[in-house]
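Line by line, the protein sequences are chains A and B.
Once you know that position 147 of the first sequence is 147 in the working numbering, the rest is easy, because the numbers rise by one and skip nothing.
Once you know that position 76 of the second sequence is 76 in the working numbering, the rest is easy, because the numbers rise by one and skip nothing.
Check each hint, because a few of them may be wrong.
[Unchecked claim] Cβ-to-Cβ under 10 Å is the rule here; a few derived chain B residues that face chain A:
hint	residue
1	G46
2	P48
3	E65
4	M99
5	R101
6	L105
7	T112
8	A114
9	I121
The set of hints was computed from the structure by calculation and includes no laboratory data.
Note that CB positions come from ideal geometry on N, CA and C, so glycine has one too.
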Amino acid sequence: MSNSRHCRHRAARAPLALALWACLAAAGLPAQGAPSATAPTMHGRDVSAEHWNASFTLTDMNGRQRTLGDFAGKVVLLSFGYTHCPDVCPTTLAKFAQVRRLLGADGQRVQGLFVTVDPERDTLELLRRFVPAFDPTFVGLRGTEAQTDAAARAFHANYEITDFRGSILVDHTAATYVVDSRGQVRVVTPYDQSAGDLAQDVAAVLRSGE
Amino acid sequence: MMGKAHTSEPWARFAPAAARLAWRILGGVALCAGAAAHAPALLTVGNPWVRATVEGQTGSGAYMELTSREDARLTGASASVAERVEVHEMRMDHDMMRMRRLDSLALPKNTTVALDHQYHIMLIGLRRQLQVGQTVQLTLHLIDATGARRDQDVLAPVRALNTAMDHPRPHE
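Extracted from the complex, chain A is given alone in its bound form:
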């Protein structure tokens, strides 16, 4: 890798209201715009009321151009990562597979998506080998730098690629996004959320769409 490779820093900051909401939620206080009493309580952060309107245009591992809308009708579990990731990314994809198993028949209505933030090294061929190794139904997605940036912004995610002492360092948001069958981002869960808790959130989102 050439030394001239620039540090790419892509940041999409969540609005202040989101940060405030998160603080209030963490403090256990009722927040303006919080889900109504009838809404299910999620283990992850419920972002339903924020209407993220997230989307992406990326190429899937088989070379087809895909948008989030292509997966309408299914509850999408989406994460950003890269195939050289030693721990968080494989663990997250393994968790997605476990969630599908935990949901039994409902698992067939769950679509796992993996968006690489390292398209320079993660070729479609590599994604084709890596992503389905966790679950044959999972889809790996790759974009140009601009498309990857746009996808990360749409999900309020950050990533940075730096060439540090000869090593390519990829730092990225390690959250999981639960998108309902109509394409609305409903829940954001931290990387250390258990498969059981994530499965419960996905089940709640599946029920809410019926």
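For this one, chain A is given, so just place chain B on it according to the hints.
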């Protein structure tokens, strides 16, 4: 036989001080080498494993639990299967996962340090695909309590790519 008493004793008594010193150093080195060869390993290594890769993947992670008999430091590692092996620290900065190479990781005496989440070993520039059923030999580079460099080999079986980490859940 009288040879032994008459050859070694007079030699020790009449030889110049420098020679005696040299003799002691030689003996000391031999003793140390002998002790090192038979000394128990510095670390107890628990549950070592390496994550399998798919063809074309050039990096992977190695995981294990290290318990040192004395205060020591892990300064690096090597493996014939990879161009480079590094000890990394991962930390979460809000939702951002950040990884950095560590020059040295403290291994306090009788304390188990888990190389799994926050700390782990990275295999960079893999020379071949790692498949379940194979074993990867790693050499851990250590500095013991006396400041001496020590190496310790670890045999780590390759586990499936989709092996889930059992993340700690401190709030439950």
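Now for the hints, and whether the structure bears them out:
Annotation: interface hint on G46(B) violated; nearest CB of chain A at approximately 18 Å, more than 10 Å. Contact between P48(B) and chain A, as hinted, is not supported at the beta carbon level, the nearest pair being about 15 Å apart and thus beyond 10 Å. Interface restraint check: E65(B) against chain A, minimum CB-CB distance 15 Å, threshold 10 Å, status violated. Contact between M99(B) and chain A, as hinted, is supported at the beta carbon level, the nearest pair being about 6 Å apart and thus within 10 Å.
For R101(B), the suggested interface contact is upheld, since its CB lies about 7 Å from the closest CB of chain A, less than 10 Å. For L105(B), the interface hint is violated, since its Cβ never comes within 10 Å of a Cβ in chain A; the closest pair sits about 16 Å apart. Using the Cβ-Cβ criterion of 10 Å, the hint placing T112(B) at the interface with chain A is not satisfied: the shortest such distance is roughly 19 Å. Given the 10 Å rule on beta carbons, the hint for A114(B) is violated: about 12 Å separates it from the nearest Cβ of chain A.
Because the closest C-beta pair between I121(B) and chain A is about 8 Å apart, less than 10 Å, the hint holds.
Checked against the numbered hints listed earlier, the structure breaks hints 1, 2, 3, 6, 7, 8; every other hint is satisfied.
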